[in-house]
Amino acid sequence: MHEMSLAEGIRQIVEDAGRSQGFGKVKIVVLEIGELSSVEPESLRFCFDVVMKDSIADGAQLQIDPVPGSGWCMQCAETVPISALYDPCPKCGSYQVQATGGTEMRVKELEIE
Amino acid sequence: MCNVCGCGTGETRIEGEAVDHEQEHEHVHADGTVHRHSHGAAGQKWVPVAAGQVHRHAPAGEHVHEHADGSLHYGHGPAGAHAPGMSQAQMVKIEQNILAKNDGFAERNRGWLAERGILALNLVSSPGSGKTTLLVRTIEALQSRVPVAVVEGDQQTSFDAERIRATGAPALQINTGKGCHLDAHMVGRALEKLAPADDSVLLIENVGNLVCPAAFDLGEAAKVVVLSVTEGEDKPLKYPDMFAAASLMLVNKIDLLPYLNFPVDKAIEYALRVNPQLQVIQVSATTGAGFDAWLGWIDARLAEAVAARTR
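Chains as they are written, first to last, in my numbering: chain A, -12 to 100; chain B, 8 to 318.
FYI, nobody ran anything at the bench for these hints, they're computed from the structure. Don't be surprised by glycine CBs; every beta carbon is placed ideally from N, CA and C. Check before you lean on any hint, since a few could be wrong.
Unchecked claim - Computed Cβ-Cβ distance ranges for the label pairs, DEER-style:
1) B/Gly184 - A/Asp45: 43 to 53 Å
2) B/Pro154 - A/Asp45: 21 to 31 Å
3) B/Thr317 - A/Pro77: 41 to 51 Å
4) B/Gln284 - A/Lys78: 33 to 43 Å
5) B/Pro270 - A/Met61: 17 to 27 Å
6) A/Thr87 - B/Arg170: 36 to 46 Å
7) B/Asp241 - A/Gly46: 39 to 49 Å
8) A/Lys40 - B/Val218: 19 to 29 Å
9) B/Arg115 - A/Gln8: 21 to 31 Å
10) B/Asp272 - A/Thr87: 34 to 44 Å
11) A/Ser7 - B/Arg152: 44 to 54 Å
12) A/Gln48 - B/Ala296: 55 to 65 Å
Claimed, not checked - With a straight-line Cα cutoff of 25 Å, these simulated SDA-like cross-link-like pairs (lysine to any residue) come out:
13) B/Lys200 - B/Lys245
14) B/Lys245 - A/Glu27
15) B/Lys245 - A/Pro68
16) B/Lys100 - A/Gln50
17) A/Lys40 - B/Ser151
18) A/Lys40 - A/Asp52
19) A/Lys95 - A/Val37
20) A/Lys14 - A/Phe33
21) B/Lys100 - A/Glu100
22) A/Lys14 - A/Glu29
23) B/Lys100 - A/Gln83
To be verified - To spell it out: a stretch of chain A is covered by chain B in this simulated footprint if at least three of its residues, at any positions, have a beta carbon under 8 Å from a beta carbon of chain B; those stretches are:
24) 56 to 64
25) 82 to 90
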């Protein structure tokens, strides 16, 4: 989707952190990307390399930690694992499942030198 | 993208005001430092305007980026300051949402709108679902009793804003250039220019795209997704993010149902699979069918926004 915008968001966060915490080179950028978020990891990897050019994370490795999806099943009244927004509850088969976890798109941490 | 200031491809325009990025231009930083640089192929360098000034940004400072000709630019932050390198590798905790910057602008818009009792709706759909026709009819029905203003998002042209202005409602066109969605910063600037009245309705017609606008909060009260019956009924499953992000789905062009093989119940069932909380109203922007329910939905939300007005 808008992976280029997301990569630019990552660059901003990394640059801001570098300025406020006083480091000048990032080796690894670690992201947390939820299974139910609207990010395509392969596309993000491609954009990441392009967008980080000439930043403090130029050439940095991108590590994506996946976060499994989960939802609240209204029939079972409990949290169940789902891997897509339109998945039924794996226990009762109902589609009355509201996504509750695995929607995040976060910069988790950086390895700097 | 400009490697010096990181200011993107320079395609965004508001009301056709262009950003010429070939010329030399200035940046005013949050700490008051002004930098001027050119975008020529060779020699891209920061040049401090006053001798001896250090290129420095406030830690969480906003990168103000207005051009001498008054146009707005939606690029992003500057190239980094160079701190002395550290010899040993170490981990730094960040824990920040990638869209934090957009979300910050969205919250600011939301506060601005709440202060004034303005109900903002973000209309999203594929291209060709009939959003603009729907808006025109909605404005015609509403404007005798409540002021309506419109922000129009398209990659190019101001055709849609012109169609809206023909109704008498103020409209502001944002051209996103190569961009595939409106973001909260663009809408914030549009709000300042448009200055909608207190206790009014603001309709934001997003770029026709069922994918990207889902992730970008603009500060609206609700996203309204428009699905027309000339599309496939399986779109909610093919493009689930948008239907998950929306509060209301308008099934548009229902006057065409006799001529089509579009199972409405199936489309609604699919949408509810993705988002069990989604409300659904069937409408025709051509005949006005279903508009009582749609206008009633707006009225109920507007009453809440007006009641919650803080100034």
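For this session: Could you tell me which of the numbered hints above are not met by this structure, giving the numbers in increasing order?
Result: 1, 2, 4, 10, 13, 17, 23 and 24
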